[in-house]
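Keeping the supplied structure of chain A fixed, place chains B, C, D, E, F, G, H, I and J upon it in accordance with the hints.
Number of protein chains: 10
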Amino acid sequence: MDRSELTELIVNNRRRKQLSWASVAEAVGRSKEWVTAGCLGQMSFDETEAATLVELLDLPAEAAVLLTEPPYRGSLPTAVPTDPLIYRFYELVAVYGTTFKELIQEEFGDGIMSAIDFRMNIEREPDPAGDRVNISMSGKFLSYRRY
Amino acid sequence: MDRSELTELIVNNRRRKQLSWASVAEAVGRSKEWVTAGCLGQMSFDETEAATLVELLDLPAEAAVLLTEPPYRGSLPTAVPTDPLIYRFYELVAVYGTTFKELIQEEFGDGIMSAIDFRMNIEREPDPAGDRVNISMSGKFLSYRRY
Amino acid sequence: MDRSELTELIVNNRRRKQLSWASVAEAVGRSKEWVTAGCLGQMSFDETEAATLVELLDLPAEAAVLLTEPPYRGSLPTAVPTDPLIYRFYELVAVYGTTFKELIQEEFGDGIMSAIDFRMNIEREPDPAGDRVNISMSGKFLSYRRY
Amino acid sequence: MDRSELTELIVNNRRRKQLSWASVAEAVGRSKEWVTAGCLGQMSFDETEAATLVELLDLPAEAAVLLTEPPYRGSLPTAVPTDPLIYRFYELVAVYGTTFKELIQEEFGDGIMSAIDFRMNIEREPDPAGDRVNISMSGKFLSYRRY
Amino acid sequence: MDRSELTELIVNNRRRKQLSWASVAEAVGRSKEWVTAGCLGQMSFDETEAATLVELLDLPAEAAVLLTEPPYRGSLPTAVPTDPLIYRFYELVAVYGTTFKELIQEEFGDGIMSAIDFRMNIEREPDPAGDRVNISMSGKFLSYRRY
Amino acid sequence: MDRSELTELIVNNRRRKQLSWASVAEAVGRSKEWVTAGCLGQMSFDETEAATLVELLDLPAEAAVLLTEPPYRGSLPTAVPTDPLIYRFYELVAVYGTTFKELIQEEFGDGIMSAIDFRMNIEREPDPAGDRVNISMSGKFLSYRRY
Amino acid sequence: MDRSELTELIVNNRRRKQLSWASVAEAVGRSKEWVTAGCLGQMSFDETEAATLVELLDLPAEAAVLLTEPPYRGSLPTAVPTDPLIYRFYELVAVYGTTFKELIQEEFGDGIMSAIDFRMNIEREPDPAGDRVNISMSGKFLSYRRY
Amino acid sequence: MDRSELTELIVNNRRRKQLSWASVAEAVGRSKEWVTAGCLGQMSFDETEAATLVELLDLPAEAAVLLTEPPYRGSLPTAVPTDPLIYRFYELVAVYGTTFKELIQEEFGDGIMSAIDFRMNIEREPDPAGDRVNISMSGKFLSYRRY
Amino acid sequence: MDRSELTELIVNNRRRKQLSWASVAEAVGRSKEWVTAGCLGQMSFDETEAATLVELLDLPAEAAVLLTEPPYRGSLPTAVPTDPLIYRFYELVAVYGTTFKELIQEEFGDGIMSAIDFRMNIEREPDPAGDRVNISMSGKFLSYRRY
Amino acid sequence: MDRSELTELIVNNRRRKQLSWASVAEAVGRSKEWVTAGCLGQMSFDETEAATLVELLDLPAEAAVLLTEPPYRGSLPTAVPTDPLIYRFYELVAVYGTTFKELIQEEFGDGIMSAIDFRMNIEREPDPAGDRVNISMSGKFLSYRRY
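Chains as they are written, first to last, in full-length UniProt numbering: chain A, 1 to 147; chain B, 1 to 147; chain C, 1 to 147; chain D, 1 to 147; chain E, 1 to 147; chain F, 1 to 147; chain G, 1 to 147; chain H, 1 to 147; chain I, 1 to 147; chain J, 1 to 147.
With the rest of the complex left out, here is chain A (with noise of 0.2 Å):
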């Protein structure tokens, strides 16, 4: 087993039980964004965490070694994304990425914005107009060091 066939065993198990992604990071403890990533194949757990997602997604126990592992990240099949719904945020870094890049390095210098020391939520505003999906993204700023 490697992780892409556990990624899909979770999957599977997760749609017949009928398990919430947040129900299972509650059972995690941790955020539904960081567990969701993690199920996906794309973060890796400690071993109590992991040991949890084995009993809750009735998992084998090989499982609980793989999920320790940090996997070979990239959840998607082509470097253009072609699913509508995540190719709107390809879309964003493509309309404003240069823009990104103006305003994060006026305030702060040159450097980045760290995607490792980096954390996300993703949550439902009600609108009249139409609800909304509000995401929150909080990155490290990192500076070119100098030498």
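In case anyone wonders, no lab produced these hints; they're calculated from the structure. A virtual CB, placed ideally from N, CA and C, is assigned to each residue, including glycine. Take the hints with a grain of salt, since some may be wrong.
Unchecked claim - Pairwise CB distance ranges, derived in the manner of DEER restraints:
no.	chain 1	residue 1	chain 2	residue 2	range
1	J	V65	H	E5	50 to 56 Å
2	A	D2	I	V65	20 to 26 Å
3	A	D2	E	N121	47 to 53 Å
As the list claims (entries may be wrong) - Partner residues are not named here, just some residues of chain C that face chain D (Cβ under 10 Å, in silico):
no.	residue
4	K17
5	L85
6	V93
7	Q105
8	G111
9	D117
10	R124
Frame of chain A; chains B, C, D, E, F, G, H, I and J shown alone:
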């Protein structure tokens, strides 16, 4: 003059006049995120906004019309961005893309977050462990129509 | 079983049972365009619709849940399609893409035609010089938000 | 002067003279869809139409011949378009491509919809829930020859 | 069984039974060019032709329906073919593509040669300096519609 | 001046002088297919032919040498052509590529059809159902050497 | 069994039987370069050669026919090879490609070196500064036909 | 002036002065293969060689330094070359790549043939069946270091 | 069994037996960098080393030969890696590539750093501001041969 | 003037003034690695450093501001580099990428080596068997945040 030549002129004149994007935005009367994107050729302005920019940035008269036209969008020279700051956002899509999809659809059902009826805010959060870049995004949820 | 295996099963059983897409759509109670897209793994059904399909097409029980989940969309194996019928539509985008942009924006201002709040109809028009394929599309116009 | 330089000149002069595409089409005496595509370098005009355009848009004399020649078609700079409005049409092909194929072939048998013997109409449909873009396309069906 | 599995079966059984493509075509009663293309998954047969193939090549019963359906066309694994024989044809398009365009349009005006209403013949021409492959192609000319 | 600038000059002067490719070929004393390919930068001329072209098309003196040099071949801007006329030939390779391979090798054994020792003829065939483009190609068969 | 499965079988059996390519070639009675290429699925054998290979390498009976058929050529999984030994040859093409072109055409005029009527020899040259790989290639020169 | 502009100048002046590559190489005192590669921007010369080239080819003074600098190598505009002469070498890599690997490693063990400590010779071999291009390459074998 | 299946087996057995790469390397008697690369299918072992690995990792007997053969190298599924840790090294090449070139050539003249006669060491450097990854690489400099 | 034009100017003036990168770095007061990268458009300087460069390299006044701005990074014209020196580093990523990942994560857990908080040193190591290029890199380890 086409829009990309105008963008280059705006970038050069802003540098020469030492104006921050925040001050350009203030003159225009909109958020710094949207105004910066527009100055970089990704959004269209109304006539008053365009006139303000022409004066503020010493642009030629013909720029006024050009700034009000919808541009051919896309701010990056390659499908996978090479600049590290911008790449980190692409990496978020690559790593978290399927997570965005699962969580938005768990909450809202089948549909997408609009990248058109969309707003964004970039801010600095002081943090003793290193300041953080905070980005909040808000997009209208659009359900797939069934027919 | 994942969604692409289910799609293959639907395609095979429909062939074996000699059902037209129009008759499948009638059983589901939606348009043939939307139902066909759904059966090919591009749309999600509600529970009643899914139950109808499971019975009509002899699908296994677990298919019922799978059909109600938003699929990872994208129906083509390559970025530029090789099948001549499908390629002709890609060719329309390549040739008429900038025309779509100019005329929609001349009429509506800056924004896009939604591909989500969208419906489509495909019909045969008899014509002595050779019958014609008529396709009508209707998508909500979405304006870029200014903020 | 080659055709792409001429296209740029047409685009600039139309902007300067503040002419809508609809009025250019009316002067030429053809539909706005076809005339716009031609002005953007995707169709060829006859001599009378070309003469009208030369006068209307202050084009140099040599443009008259150039406008009557079949252009090297293809209006987009990349295989997958980056502009969100144009991308939405590419997305329709990606999502609905196999649906187009199934339904056209269910109705007509094996063949394609012509993209050459083809006409198109783009219209605005007022709608209280937000106006809609309506596009109707009509292409001759061509059967594969058997020999 | 899908069409590509059927193609593999046809290829294997033809080899085992030591049948030439010419004899398969004769049994079907069509040209060797069209029948070979169909057997390789690029054309659809009528019911009589399909029945002939099923018997001649020991195919399972379900193949009969599959052979009458329009296949997803495209016979090559990469956009630029790697096999030298097939590459030479791609090279002809790369080298002579603009010549095809100039000469067809000089003779016919603006339009294309159909690849659907099309037939082809491949023959051997004995030549003391080395035999030659002669290919003749005939496609209906289609004019761009003006509207 | 390099070869692509010379090609552009030839194309412009031919247009200005209203010469057909057939008449250019007649002046050169070769087929219209080969002469057109050469004028478009895909073949090299001998000195007499080059001198004829220089005079006929008002080319500068240095063009004479340039026309006799083997050019860097390849006439298309993208690997998959976007122009519909040229694309149809690429589609023939995609659809019929494996058929070319099977039939040529059934007749000749293992080898290729030369694209170098090659000639081609493009003609119009009147047909009441719509005139046809007839193309005949003849290439020397080359066997793989065994050693 | 298709040709790539046969190639895998040959590779495995040769390893198991500890045969060098040179000894396989000797058994077949051809050069080691051509026989190795053929065993790796790039050349076709005659019936006697195929029979020898079937016996020598314990191949199943059906392999005999398969080895005599022209394979779909192309031995590498990516357009730019990743294996360093093979990449160095690609690098030679990238760096020396235009040199090959200039020198061959200076000597022979306009044409190509055949890769079909071609033979190759790979040898070891002892050298105190480090042994050298010597490769000699010989391909027939083919002139472009003028017509 | 950068190196690619210098290459263009060298190519043009060599043509104007009617010098063969062989005679340029003789003047420089190195092989025609290496000198041609250098003149085409792929190798660096020493100061004496550079001075010879500057005088022989009427280059401006600043060329002398530029010719002694290591260039950014890579002489082809696309990853898969379109020119048929150069493509044939790419085809050799595609078809014989794995053969190169097997035979070099059978003889030498694990390592590569250097493309840096490398020399090459291109010659014409008269042959009644058509003259042949003979290319001999010699590269130092480099073993993978084990540590 | 081919090499990639063997790699998968090694990865799984190492996990099951809870062995660190450092301890595997110690058993083999080589550096952890080289042994890990070899276990991941990028280097070839000698017979003693292979035997050690077969015993240590419970590999089948046939693995012993396979481990001594030069593998087809290249450990990543895409040309631009998606895993963030590995991407950072690609980013270094993208950002510092021209710097590597300038500084190595300023010091050594025209040539390359060998990636074959190469060794590498990865170590942890404790640092109060956050521990650091230290990588030292050493490759033999190879001069371009002049001939 | 944009940054890439400035880079070209720096490269030309450095050549004309015969300054080594080491001496430029000494004048700036930073390492040769970082200064070279900055001069090649990959790093931003502070105002004093920029002023030094303007004077040392005869740059125009406006260069001073441009040198202090974060550039759009990425120094290579293609995703896979064609220059052999730079390619060797890409090859290291292709071959050793998974080894980097395994060993860094074995030592540090799940995270990455920063390419931002990063420094590098390139040195020559004399060696009787051929001098060696020694490169040492040091990047801060960043752990994935769990939340």
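Going through the hints against the structure:
no. : hint                      : verdict
1   : J/V65 x H/E5: 50 to 56 Å  : 28 Å, violated
2   : A/D2 x I/V65: 20 to 26 Å  : 25 Å, holds
3   : A/D2 x E/N121: 47 to 53 Å : 51 Å, holds
4   : K17                       : 15 Å, violated
5   : L85                       : 4 Å, holds
6   : V93                       : 5 Å, holds
7   : Q105                      : 7 Å, holds
8   : G111                      : 8 Å, holds
9   : D117                      : 8 Å, holds
10  : R124                      : 5 Å, holds
This entry does not satisfy hints 1, 4, going by the numbered hints stated previously.
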